[in-house]
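Going down the list, the sequences are from chains A and B.
When we follow the numbering used here, the leftmost residue of the first sequence carries the number 18, and every step to the right adds one.
When we follow the numbering used here, the leftmost residue of the second sequence carries the number 18, and every step to the right adds one.
There may be inaccurate statements among the hints.
No distinction is drawn between identical chains; accordingly, a pair holds when it is met within one copy or between any pair of copies.
List of simulated lysine-lysine pairs, BS3-like, C-alpha gap at most 25 angstroms [unchecked claim]:
#, residue 1, residue 2
1, LYS287, LYS320
2, LYS110, LYS179
3, LYS355, LYS320
4, LYS320, LYS193
5, LYS211, LYS201
6, LYS256, LYS149
7, LYS348, LYS320
8, LYS149, LYS30
9, LYS30, LYS256
10, LYS149, LYS320
11, LYS201, LYS58
12, LYS287, LYS355
No lab work stands behind these hints, which were simulated from the structure alone.
There are 2 protein chains.
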Amino acid sequence: MSLQNDLLLRTLKGEEVERPPVWLMRQAGRILPQYRELRGKLSGFIELVQTPDLAAEVTIQPVDELGVDAAIIFSDILVIPEAMGLHYELIEKVGPRFPTTIKTAQQIEELIEGADAASHLSYVYDAVSATKKGLNDRVPLIGFAGAPWTLFAYMIEGGGSKTFSQAKKFLYQNPKLSHQLLSKITTSVIEYLKLKINAGVNVVQLFDSWADLLTPELYSEFCIPYLKRIGDEVTGVPKILFAKGAWFALAQFQDLNYEGIGLDWKTSPKVAREHVGENKIFQGNLDPCMLYADAARIEHAAKNMVAEFGSSHIVNLGHGVYPDTPLENVKTFVNTIKSQSYT
Amino acid sequence: MSLQNDLLLRTLKGEEVERPPVWLMRQAGRILPQYRELRGKLSGFIELVQTPDLAAEVTIQPVDELGVDAAIIFSDILVIPEAMGLHYELIEKVGPRFPTTIKTAQQIEELIEGADAASHLSYVYDAVSATKKGLNDRVPLIGFAGAPWTLFAYMIEGGGSKTFSQAKKFLYQNPKLSHQLLSKITTSVIEYLKLKINAGVNVVQLFDSWADLLTPELYSEFCIPYLKRIGDEVTGVPKILFAKGAWFALAQFQDLNYEGIGLDWKTSPKVAREHVGENKIFQGNLDPCMLYADAARIEHAAKNMVAEFGSSHIVNLGHGVYPDTPLENVKTFVNTIKSQSYT
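Put together the whole structure using the sequences plus the hints.
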């Protein structure tokens, strides 16, 4: 391993380390003045995602500015539906919107899948290569994808939703078609992650952002089998699964091929360990709103979290950092973690 | 007890009953054609809430149309902030909006509280009286209020939000002021529920709709003490606490003075029982989206739920019924439950 800082990789391998690695979901984004400046010059988020040199630049910004122990490629989970042939837009302050949503067997039949879909995303692989070059082996680079259910939810619902009741309705009314669509998404995600790994990412993370809308039964039927396929078929780098709010499924994650399990701020390490067993590395889970508190309180919470989780832990928030979080507070958090020691 | 159908009350008393009672959160609403017709003639939701005879009419509609075992007074949790002096509006298809939000100690100081606030809500008590008259003792009438944290969240945030990050920020940045505001809300809720009981409601339910946004620590500090006060000080009728998504706090509910604990669809009766112990009655917890499925599947799910919960159970959904749920499906659900028998 030629990385100067391989703390994240050693932690994911289960090796003894001197302190937990720290990075933040959404660390490349609006919390950084460098990001806001660059973003202000562009027509939109999608332009940034699709321009490899710019994506690489914002991916590296938090490594320079915050000193985090990993970079995560600046991209979007919805590039997969786009590559499968379902176009989406990002509307400022509203979120993603699919002008056409999936309603019929015919539409599912016509979706591009697997390597054919993944081959449309060369701008992502180019961004990975450019980032690797820019990082110059300082820290590992994380690649990511949306989990099949979360991508399915957007493709049926057409945009963000409090309940995703249309997507869930589809699961209840069309279980067979749902499995067909989930399977095509899964194949595409697998090929996409393989190409990202080829391009140089050192770790992959799967985001199941809407896990917490499902019942335990729906999660077992429509999510676990696809998460298992991805875990089994994507090999060569360590993998992290972050299924937000899916506390009820933690016991099932035990048998999946992911070294790391992301936790939201509602799941204590004790509860998570009881469900998942001893073999997984946890990632998380500070409440992002804690970073609105004063420095003393942030320091206390950071130290407390490290003590509570013990070793085999990657420090992160329980969700993406909120865009209005003061930069100084993020630095206080990161620096506090970096001053900790297990010994 | 002179009620013709006192199944809900007997269940909440822990008595042996022939089958579980059934009602649905949001049963008085858009799923009913009678409601949509009446609503179409009015200027808005708030007009309906504030006109006792109309509120009574829509409260009784589901008893007539669905044959549910309880009515729940048609109202809104945000009448309490309104009565405390914080005006709100309901914007069609968007949700509630407070033109002014709470930011300062001075504003909290000036809020009306307790009996003074509760006295502004005579239209609610009049609606309860009118409903009792219209129901003519057929089924019990449930009164409700928002839990202190949920009302606090709206008063700070100013409207709906995916994260309520401004409200949570206030908890982290201003813990003392937060306690002051929560205490004033609590006192108002208590006096409000007392007056509702005086007016004739047979059961009260507390909705902590945004419970699932907090950490276990925040919930212990900013919610449990106020839920406890309400449980201890509101007496005379059975009480149900529904803290959506607060699986992590279930063990703490064991010691609170509520006979019933509402569950969302992610919490299985087995898990809930392990946390809460034997002394509480559970209410819930079908996924509202299950009511989009076909009749055979709904029947199966309804029977399955009754079998899984066993006795000491009030049948309901795990959240309010969604407005586009087909009426026939709701009837299939209610009728299936009513055909069950514990013996």
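Discussion item. Hint by hint, where does the structure go against what was stated? Just the numbers, ascending.
Written reply: Hints 10, 11 are the ones this structure does not satisfy, whereas the remaining hints hold.
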